[in-house]
Structures are given as C-alpha cells and as structure tokens.
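S.K.: Chains as they are written, first to last, in our numbering: chain R, 74 to 386; chain A, 168 to 789; chain D, 882 to 1172.
Be aware that a few hints might be false.
Unchecked claim - SDA-like cross-link-like pairs, simulated, lysine to any residue; straight-line CA separation at most 25 angstroms: (1) R:K382 x A:F618; (2) A:K637 x A:F659; (3) R:K382 x D:R908; (4) R:K382 x A:M611; (5) D:K1052 x D:G1115; (6) D:K1006 x D:P986; (7) R:K382 x D:G930; (8) R:K382 x A:T345; (9) A:K636 x R:G294.
If you're looking for bench data, these hints aren't it; they were derived computationally from the structure.
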Amino acid sequence: MLRFVLRRLASGAGLVLVITTIAYALLYAGGGDIARRILGQNASQEQVAQKAANLGLDRPLWEQYTDWLGQAVTGEFGRSWFNGQLVTTSVTGRLAVTLSLVLGATLVAAAIAVVLGVLAAVRRGWIDRFVQFVSVLGFAVPGFLLALGLVLLFAINLGLFRATGYTPITTSFTGWLASVTLPIAALSISAIAAVAQQVRGSVIDALHRDYVRTLRSRGLGFRRVVFKHVLRNAGGPALAVLAVQFIGLLGGAVIVEQVFAIPGLGQLAVQATTSGDIPIVMGLVLATAVVVVVVNLVIDVLQAALNPKVRLS
Amino acid sequence: MSEASNPALETPSAVVAKVSLFRRLLRNPTAVAALGFLAVVAVVAVAGSFIAPRDPNLASLQDILRPPGSEYLLGTDGSGRDVLSRLLVATQISIAAAMLALAVALVIGVAGGLLAGYYGRWFDTVSTWLTSLIMALPGIVVLLAARSVLGPSVWLSMAIFGVLLSPAFFRLVYAAVTAVRNELYVDAARVSGLGDGRIIGRHILSVVRAPITIQSAIVTGIAIAIQSGLEFLGLGDLSVPTWGSMLNEGFDNIYREPLLMLWPALAIALTTIALTLFANVMRDEMERTGAKSRRRRKGRDHRPDTSRRRDHPDNPDHTARPEQARHPVVEHPDDPRDADGGLGEDLLRIEDLRVGYHQADGGVAGVVHGIDLRVRRGEVHGLIGESGSGKTQTAFAVLGLLPDGGRVLGGAIRFGGAELAGAGERDYLRVRGRKIGYIPQEPMSNLDPAFTVGSQLVEPLRVTLGLGKKDAVERALALLDRVGIPEPRRTFAAYPHEISGGMAQRVLIAGAVSTDPELLIADEPTTALDVTVQAEVLDLLRDLQEERNMGLLLVTHNFGVVADLCDRVSVMQDGRIVETGPVRAIFRAAEHQYTRSLLEAILDDGEPRGALVRADVKGGVR
Amino acid sequence: MTAEPLLDVRDLDVVYPGKGFRASGFRALNGVSLDILENETVGLVGESGSGKTTLGRAVLGLAPVTAGRIEYRGRDIAHLSRRERRALSSEIQVVFQDPYSSLSPAMTIEQILAEPLTAGGTEGKTARARVAGLLDAVHLPADAGSRLPREFSGGQRQRIAIARALALDPKLIICDEPVSALDLSTQARVLDLFIEIQERNGVAYLFISHDLAVVRHISHRVAVMYRGEIVESGDGDQVTAHPDHPYTQRLLMAAPVPDPDRQEQRRADRHRLLAAQAEADEQAGAAIGIG
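Chain R extracted, bound-state conformation:
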C-alpha cells in the first residue's frame, strides 16, 4: 500500500511539473509584449524596455523558467506585477475560501447522491424516475444559472440568506454557514446529479452480478448484501465520478464566487486575468494543479482500499 501511495505521489509530482512547464512556456512566450501591456499604450519605448529588464523578461525563456522553478521549489513564487503582493500570500488566502466551498459541495453532493442513487437503484419505480429527472435538470443547467436563481429567490425575494459576501469560519461559524449555504447549494446540484446517476447505474450493475445471488443463497438478507457487498463494488466507479466532479466544482466555483461576491480564487483569477498579472495566474495554475493531484491521490487510495485488484496491480 505504501509503495502504491509513493508511486502515485511521484507521478502526481511529475504531472504538476509538466503542467507548470507548459503553463510557463505558454504564458510567458505567448503573451507578446508583456511590459507594454503592463505600462499601457502611452509608455515610451525606453520605459517599456526598462520594465522588461526589471521583470527579467529580457532574458532567454528557459533561464527565466529555471529561475522561477528554482524559487518555486523553495516556496517562493514572486510578486504580483500590479500590487506587489507576494503570490504565495494572495493565493493561499484565497485558496482556503474556495476549498471550503468546493469541499463542502463535494461532501454534500456525495452524501445526497449516494442516498438518492441507492434508493433509485433498489426501489426503482417513482423514486427512480424522480432521481432521473433531477439528474437531467441538475446536469443540464449550469451552476451559475442556479446560483443566480438562488440569489433572486432566497436572498432578494425571501431575504433568508445573505446574498453576497463571505464570513470566515474563524470569525463566526453561523455567519460562515449563512454565507456559504447558497453557494454550496448552487455548486453541489450538478455534482449530485452526476454522482447519483453513476451510483444508480453501478448499483444496478452490481445487483445483477452473479455473486449477489450466490451470497443470498447462503442465507444473507438482501439488505445486508446491498449494504456490504453491492455498495462496496459500486463504490469504485462512483468515486471516479466524484473526482471528476471535484475538478468541475473547482472550475465552477470561479463563476459562482463571482455571483455571491465571495473573495476566493475565482475573484483573484478574474482580476489577474483581466489585468494580465502573470505571476498570479501562474500561482493559480500551480495551486489548482496541486489540489487536483492531491484529490486524485486521495481518490486513488480510497479506490485501492475498496478494490483489491487496483491495490495489487
């Protein structure tokens, strides 16, 4: 098991390295005249050259990259070109907010989806049709539209939740809860749809396996077989979908945060993108890549715990 984890960690680290390399190459080489963009059209040629030299942009690309990488390894990612803030500080602060949203939405989605999916698979009938219907809607309607709808309905018309803003969990738990409830709801619905659909499918599939009949023939009750054997076998595919959903939610949060004016990665990303603040963009890419790699690792380990074939191969 340890070897399995280490191997996965190594391949994850490799993936992060490749992603940052590609991102660096594209961002710095593809951007054209970066210094000009920062200074604006009115700056003189000398000013632009001066700026480029200050930022080290006049050196060969690979030199810039090895520099960046060397510093990155020590946890130093440079400063924003616009407000001079450390990339590390601005990104990590925002990351915590976004992660609390995305993890919250993932957990909510997993819990609800498993219940709905299992019920739909085992009971069939109306509950199955209901889950199918909700899945189609949840899958089809983009999360930010749902977010807008929720804001309109609950926050503006009913006044039940705060429409916008964010209270850190360290300040007030109830305040935090009030500020994240609607965003989490908006985010999780599509994930619920996708995961419930998968759980339903893989539970139905597992229910038709021969070993279910054989286990029942040995005197084990249907419920016991479902909860112990069917769920465990159906868990693998469901986890895989959950991992994909997590990555999707991370992206979805960028937009949903904007609707609810939550100071997370999304806001930072939009600011950095519009202004062309490449160190920040680079930090964001790196942060999401690391989060994704870690999540995939966790899911892989869970998969291996569920499925001996994965573990032993």
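With chain R held as given, fit chains A and D onto it using these hints.
M.R.: Okay, now just chains A and D, sitting in the frame of chain R:
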C-alpha cells in the same frame, strides 16, 4: 426443414429491430420536444442577425431599461439596447462558438481515439497520458490563463476549450475501438482480406456513431455553459452580444430589472436541457436495443430470452418438437436397485410450477409451463435440457432468486413442510443457506471480487449459524481442506482473482455445503471447467453428497455428467418436463421422441472419422 | 514418399509480450510442429491455456510468431506484411467459437457474406449471386440475407460464419471451437455440415476443440496440446481411444461417458490410472503436478 414460406421472418421483434434509431427517437415525445426546440435554436442561429428588428448594439439613452411592450417586444437593457435583437444575435454567436468548440473536440478526439485504439502501442501510451494531463486542470482555469495572454476572443477561447473537451471523445472512441478491436468479427474481417481503413470505417465507426452523437449533445451543452460563464464574468468580447454577456448585464441590474436576466438565462437553460434530454433519450433507446445481444453474449444475466422462443420454427438446427398442447410426461417406474439404495423421504416436491417474466408491454412470458418434480433425501436428481428449456429458471424459482421481473405464476414448491411458491424474503431467509445450498455455474463471477475468499465463507456462517468469529474461521478452513484445496490458509486469505477457476468452484462448493443443507441445487456446476478439473469436481460432489446424505438437484446439459452422478433424471424441453425416471431407464429405454433425439446426438463412442483416404498418399500419416 | 503437406508448421514459438517494460512475455507455444494435407481434418485437442487457440491464430497471422516456420504450400507465411497476408485470405479462412461476437452486429447477412468478395474486387452483382449460393451451401433460406445476425440462433449464426469462411473458396479453414457454444443436437448437425462441405468442396480443416468426442467425430488425424506443446499426435481413432501419452490418457479418462454403468467403470479406471501415474512419477522422482 426450411420451407419456402416463412412466417418467422415477419415476427414483430424482427421488424422492431430493423427500425432505425432515429425513427424510434421520433416516436418518443421527449425526444421530439427536445429536437423541436433545438431546431428552433438552430434556425435562429442561422437567421438571427437577419430577423433582428434593430441593431443589437444601438444604444439609446432615452430608452434605458424600458419594460417589454409594443415598441420593444422584450424591453431594453441598461444601455437602452433592444433586448430581443440582442437575444437573436447572441443566439447566433453563442451557438456558433459552441459549434466551434465541438468541431475542434470532435476532430481531435475522434481521430486520436481511432488511431490510439486501433494501432495501440506508443501512440496509445502518449495520447492516454496527454488526456490525463488535459483532464487534470479545470477547463475554466486554463481558459482564464489563456485569456490573460491572448485577450478576450470568443473564438480563440472556444477553440482552446475544444481541445480541452477532446478527451471526452477520445476516451469514448478509444474505449469503443479497443473493445471492438478484440471482437472476433474484426479478426474475421482481417482474415477475410479487408484493409485497415475499411475495417475502421465499416466495423468500428458504425459502432461508435451513436455514442458520439450522444456525447456531442452533452459536449455542446458544456461548451454553452462554460462560454456563457466566461462572458458572465465579464471576460468576454464586449463588442458582440452573447447569452453570457447579456446575463452579465442583467446581473448588474438585478435589483432594478430582474427580468433582463430571464431571457438569456432561459435561452441557456432550455438549450442545455434540450441537449441533455436528447442525449438521455437516445442513450435509453440504444440500451434497449443493445441490451439483448450483449446479455446473450456475456451469458451473465440469467434472464431467459423470451423473444427467441417462437422466432425460429425454420431453424434447421432445431429438433422436431412435440405439439405445444400438454403432452403426457413419460414416467418410468422406480428402479428396484434404488429402493434399497437408501433413498429417503421427499425433500422437495414441485407441483405444476409455472414461472414467467413481465414484459415491457405489460404481458407475461412464460418460461416454465407447469412441471412436477420431486427430489428425495439422498437422491441426485438430474434436470437435463438444452439452452432455453427452463431448467435454470426452475432452480432459481426453488431458491426464490429469480432475476428481475421473474416470478412464480402458479403451482407449489414444498420443501420440508414449508410452501416456498410465492414466499417472501423473510420466509426464504429461514431456508436459503440453512436448508438449501446453491452451487452456481460460473466460478469466477460468483465470488465477490472485493472481499477475500475467506470472509465470503465466514460471513454466512456467522449470520446463519450464529457462530463466533473464531469458530467460523475454523470451520471455513476445515471446509476448504475438505473440498481439496491444498493450502487452505492461503486460499482463505486470497482474493477471488488470485485463484484459478477450478479452485474457485471448490470454494463455491465449500460455501454451499458450509451450513449442512439438506438439499443442494447445482446449476451446471462443471460446465465452465476443463474436463480434467470437471472430473475432480464431480468426484467431490459425489463424495459430499454421499457423506452428508443430501438431496441434489443437478441442472446440466451434459449426459456424461448425468451418467456420472444422477440417480434419477428429468428431461426438460421448452419449459416442460417430457420424460422422467431412473437414470438407467432414461439412457436405455427412453420413450419420448425428444429424449431420444438428444441421446442420438451424443458423439461419444461414435465411429471415428478414420484416416484420410487418398490415392496419391501412401501412409501420409506420421 | 509423402505428399507435400498443405500446411506445415515447424518448431513454432509464440510469446505474447508482457505489459510494461520489464514484464517477461507469456510463452503460449513452445516448439510446436504440425502438418495438414489437402482435404484433411487435423483435430487439435487441449484444455484452456494449452495454446491450441494460439496455434490457430498464429496460422491466421493474428498471433506474434517469435520463432519457427509456418509453411503454406511450401512458402513461409509466419511473417507476412499486411498486404501479403491479405492476398492469402482466399487460401486460409476461419470459423470462430463464439457465434455471437464473430458476426458484426450492425451488418446484414448479405453484407457480411459479400464483404470478403467485394474486398477482393468482385463486382456487387456477382457477389450477390455468390451469397445466395453460399446460404444454400450451409442450408439457410435464401431470404436470410436481408436479416441481421441477432435474428438468428447460435447454430444458424455458426452456419453464417461457415458461409463467410467459404466465400473465397479457401483451401484451409481454421475452426476454433466452432461447436462448443452450441446445444447438443445443434452441435451434431453443424459437425455434419463441416464434413459435408469438406467432401464436396475439398477443403482442409485445422479443427480446434476441447472435446475429444467432437474431434474424434470429425478428424482424420488428432494432435493433443498441453502447456504450449504437442504431446501426442497421430491417427484419430488411436489418439482418441488408445492414447499413449499420460496426459492424453488422463484427458480421455476424465471425460464422463454417457452411460451410468460404463461411466462407473471409467471412473474406477480413471482412479487407477491416476494412482499408477502418481506412482510412476514418484519412482521417476519427477514431481509433475496433476491439474
């Protein structure tokens, strides 16, 4: 045999199968509604800028935030622009952008998937790795990064998004191609002299066409969602109206005029819903047709194929069969040799058992049509028949484990004083495992792959016999030893995929007898095994049956197995028992025509073909 | 002086490459030699994993030959290019075991049967006429051509597969367990069809099966495979009724006879044989596992 006029060719199932998928979609109201809406969107997307009543970008300061009315059908926005005109033009641009993403994704994904799937090797490794790289980042983060260097262009960002979406097609096509590549019909095509291009085009693309259509609908929906999301963030090109940028504007005026958000939101939501519904309905329709052939091939699903029954009276491979009217069962008297063989009282008594399956059209298709059968203590009763004769269904009915949709329609199943026909789960829990054991056909698929062999033996012991953990483990180990597993402890701790098929079948036999049942039901217990392993398993079954004096109901199609184990035999054909009696009477003095035809088809001990006789070969055999 | 064989396999090795870099491959065939004369049926018997299917696939060019020769009419065909292999399609054909996956589900019977013909350059009209003849040859109704494979039973599908194999009028057909997925009575009929075609068209079969009785029924000569090697070969009757090799003896004794009394006898014989072989092994000091 094959008469000229052939009513079987026109059976309903054959006709349904030929109707194209598209035609069937048009019969589904949901699909029609979704396709209808998408057609409207498509028309607007083509004609949008021509039918727009005004210039979508013409701002009029006097007309800011006008409500819907006769002058402005949908009102005006915060800059005094006509909402309807903007909506029409926005549809054009949003759909075109989504189509661009789709086209890029399709070209890259399908071509890559075909090449990687068909040729494999390094191309396979590289592209699979690239896909996981692309899938490792949320699309929107990549798009934001790209936008920060490339600037706000709808087309550029959608082209990039197309690349990001291409794994969806790549995976689909790749999986389909690798599955198909190993199909025998592709091998057959290769042996027939077909070139690669022709094989891909004819045999592989035809398989992935429908899944690609489904995936395209889904991908288009995602592209629309992401693109409008980007525009909504204000990261889009402000010079052209899109659904997302209209939404952005509406959001700015959310307190003053919430209605402004409604139109683009509706456009986005309805389009994505229509696309998803279309994909869903199409998938359902495909599964409905694909299920049958897939099921038959895997042989895993034990639901009987009720459609096949009456389709092939012209089948040259079918033996002549008796009239469907209830034929008297040929019953041979007990063999006097068995009387003193210690046969005990009746364990299982089946009377006029009928089993059927619910059909989609609400009817019930019968698979067992009123059979009588009894198994006595200490007796091995063979139930023999060809595929589809209902022998396995009879076994499942006794166990109360008929697959979905199947149920006992009538008759009695008496087991040790209890009536099992139509009994509920609670009643069956007192019988299954405790008094009736079951040995399945396929050794591997009947063990849960996620649990060790040992835990699957221990769990029922603890539940049914209430043993403590230590006792149960000990007993399980003893059982493994008893069924001839050389290293019980190692097998106990192994996972099913780590043991051979023969071992797995021994484990299943150990499980079936673990709770000392009075009756064992074995469904083709040696069919999946090699002949040498079969002989050993038959020996084991005989020993266990004699040692424990169990009744054994043995379902099989193999007369050799019957001859080896059985005391009595019942021959089944088309859901009926046609002949029953002691094993020697059946082999030596079969009376029913069907039994005789089966016995005649046996090849064992037949004349050998003999050496090749050729004039020009002298002693050609080495 | 023996007539030149149609197919002559000499010292054939097949090693399937392992997955990953360092994994050593799986040796499926180890120095296998076998020959088939024109119009002859050679039966190939073995249990799962014995390599019998691999041998068939190697002859068809579907398995990686690592050493040895496969000569067809005196020409080595073990390492042909795809183009050369395609040219050979009118000489060597195949009938697979699984009648459900060996026919493309989306094509009509006529398309399936005409495909090898049109691929070889036959005109559509001529091909259609030939299809009718092929259906007749395997005793299927002429109007079967417009139907899809799923509308046919297992036995009928196997007839279609045979018709496809016959389309190019080959001289050798590799039959890979062609009747083992079929019901008993269907099995006998399809075997008779094979024999009938052989006698009429003059074609040789490499007939692969796990069932001694089936092989005995159809083969002129029989070879027995065990763990990638041919352990015994010779006259059909002799190999299937009075084998010399201990493995073939075990195989023969393991197959139950469809008669209660004679099976009792065979069971006893089998136990005696196993005991004797175990004793012989012990004496030879060789520890060869059984099963």
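S.K.: CA of K382 of chain R to CA of M611 of chain A, is that 25 angstroms or under?
M.R.: 14 angstroms, holds
S.K.: Checking one constraint from the list: CA of K1006 of chain D to CA of P986 of chain D, max 25 angstroms. Satisfied?
M.R.: 24 angstroms, holds
S.K.: Within a Cα-Cα threshold of 25 angstroms, do K1052 of chain D and G1115 of chain D meet the stated pairing?
M.R.: 22 angstroms, holds
S.K.: Decide if the proposed pair is consistent with the structure: K382 of chain R and T345 of chain A, CA atoms, cutoff 25 angstroms inclusive.
M.R.: 21 angstroms, holds
S.K.: Check the hint pairing K382 of chain R with G930 of chain D against an upper bound of 25 angstroms on the C-alpha distance.
M.R.: 22 angstroms, holds
S.K.: Please verify whether K382 of chain R and R908 of chain D have alpha carbons no more than 25 angstroms apart.
M.R.: Holds, because 24 angstroms separates the two Cα atoms, which is no more than 25 angstroms.
S.K.: Are the Cα atoms of K382 of chain R and F618 of chain A separated by 25 angstroms or less?
M.R.: 11 angstroms, holds
S.K.: Does the alpha-carbon distance linking K637 of chain A and F659 of chain A stay inside the 25 angstroms limit?
M.R.: 14 angstroms, holds
S.K.: Does K636 of chain A pair with G294 of chain R here, judged by a C-alpha cut-off of 25 angstroms?
M.R.: 19 angstroms, holds
Hint violations for this structure: none, all hints satisfied.
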